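Student: Sequence:
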Amino acid sequence: MLVPSFRKQHWNVCASDIARKTHNPIRSIVENIVVEPNPNKKVIALSIGDPTTFGNLLPPKEVIEAVQDSVASQLYNGYAPSIGHEMAREAVAEYSSNEFVKVNSKDVILCSGCSCALDLCITVLAREGQNILIPRPGFSIYRTLAEGLGITVKTYNLCPELGWEIDLDDLKEQIDESTAAIIINNPSNPCGSVFRRDHILDILDIAAHYYVPIIADEIYEHMVFPGRTFHSLASLSTEVPILSCSGLTKRFLVPGWRTGWIIIHDRQNVLEAEIRKGLQCLSQRIIGSNTIIQGALPKILRNTPQKFFDDVIDTLYSHSKLAYNSIIKIPGLKPIMPDGAMYMMVYIDLQCFPEFNSDVEFVQRLLMEESVFCLPGQCFGCHSYMRLVITVPGDMLEEACQRIQEFCERHHCKTTKISRKNGFVNKIPY
12 MLVPSFRKQH WNVCASDIAR KTHNPIRSIV ENIVVEPNPN KKVIALSIGD
62 PTTFGNLLPP KEVIEAVQDS VASQLYNGYA PSIGHEMARE AVAEYSSNEF
112 VKVNSKDVIL CSGCSCALDL CITVLAREGQ NILIPRPGFS IYRTLAEGLG
162 ITVKTYNLCP ELGWEIDLDD LKEQIDESTA AIIINNPSNP CGSVFRRDHI
212 LDILDIAAHY YVPIIADEIY EHMVFPGRTF HSLASLSTEV PILSCSGLTK
262 RFLVPGWRTG WIIIHDRQNV LEAEIRKGLQ CLSQRIIGSN TIIQGALPKI
312 LRNTPQKFFD DVIDTLYSHS KLAYNSIIKI PGLKPIMPDG AMYMMVYIDL
362 QCFPEFNSDV EFVQRLLMEE SVFCLPGQCF GCHSYMRLVI TVPGDMLEEA
412 CQRIQEFCER HHCKTTKISR KNGFVNKIPY
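Here the sequence shown is numbered in the numbering used here, starting from 12 and rising by one per residue.
Keep in mind that the hints were calculated from the coordinates and are not lab data.
There's no promise every hint is true.
Below are the DSS-like pairs computed for lysine-lysine, each with C-alpha atoms no more than 27 Å apart in a straight line [what the hints assert, rightly or not]:
no. : residue 1 : residue 2
1   : Lys340    : Lys53
2   : Lys318    : Lys113
3   : Lys288    : Lys53
4   : Lys52     : Lys332
5   : Lys332    : Lys113
6   : Lys117    : Lys310
7   : Lys32     : Lys165
8   : Lys318    : Lys72
9   : Lys117    : Lys288
10  : Lys340    : Lys52
11  : Lys72     : Lys53
Since the structure is predicted, the reported quantities are computational estimates derived from the model, not experimental observations.
Given only the sequences and the hints, what does the whole structure look like? Please build it.
Tutor: Here is the structure:
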């Protein structure tokens, strides 16, 4: 019997480097907001990006029946191929195809939610020591996923005065020889912006010039308000390889079902040699997504009535207008009307509120005094903003806006002069 030549003298169990490097900026900031809400007012959480939280937005019966049928069939109790059942991938390919883009089932990889899809895309494209570019303001999970792997995160600015379009000069400045990918989030969380076609073409021109692939976070692709049109990056790209990430989460109001997908768009076969195989290998780490939902996917994607989608958009658009029209009247605040998704960004002119040194202090006191909780802009990489979620019931949203107004009226410094140009604050700080 071989005796180990080395024996530890005591327990020394440490977290891995990946675990040590992984953090979520939202959680880090929110956990430091330790005040208690006003006990005399019911908490209204405008902070949670989950459309199911308040029970006012529910999936349609066709979606529920599809899952019931999947369970009753007893066909989807076992493992699926790691990239997903063929019939489920065919349904996603059909759902995602249009006159501009034809998707084949071989280009679809099913994932455990859109966050998992983003994780696979970042992991397959970037190595330790390389960098990815993410938007600022932007969804914090990009940083969470990348930094744990030793991938550097660089930010490019969005321009609030241009409806949160990308600062293209800044985007170009961030690209270097170590840039592995650009993440484009359209429609945007937290901004609610929807990019114009010409703007997307400009983005693609930059990516093509520097030979940088794009990870397209398009989970809100169908949540676009009247007057705007969504253009997918893949529909306009003839050269740049695109890994598009989407899923059931938001459009079908089922975030807990954890069903997302990656679609490989690669017209020049740039990704064929290694990336396609790499994604298939990485998908084996979780042995596929939920098989019950995979079994229901064809019916969910084909049978959900358009009226359901239209009603959800009508609700979100109505709530956006309600919040915008209420907050625009409040001195010291400047809402930016969204064009889609589920969020609205509000600029806080802190010069008008000298009691507060930051957006974090502002939302902290708002919670303490009015029991309204919004996320500060620092959660998304920018200062002097707060993000409102517009999926709450209309009466609650109206009440929240009224409380925000009362809070601002109490704390506003009436001697402060606000410099505006074209109805917008001259300089928006980051």
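Student: Against this structure, judge whether each hint is valid.
Tutor: Do the hints match the structure? See the list:
no., hint, in the structure
1, Lys340 with Lys53, "24 Å, holds"
2, Lys318 with Lys113, "25 Å, holds"
3, Lys288 with Lys53, "51 Å, violated"
4, Lys52 with Lys332, "25 Å, holds"
5, Lys332 with Lys113, "36 Å, violated"
6, Lys117 with Lys310, "20 Å, holds"
7, Lys32 with Lys165, "16 Å, holds"
8, Lys318 with Lys72, "12 Å, holds"
9, Lys117 with Lys288, "11 Å, holds"
10, Lys340 with Lys52, "23 Å, holds"
11, Lys72 with Lys53, "31 Å, violated"
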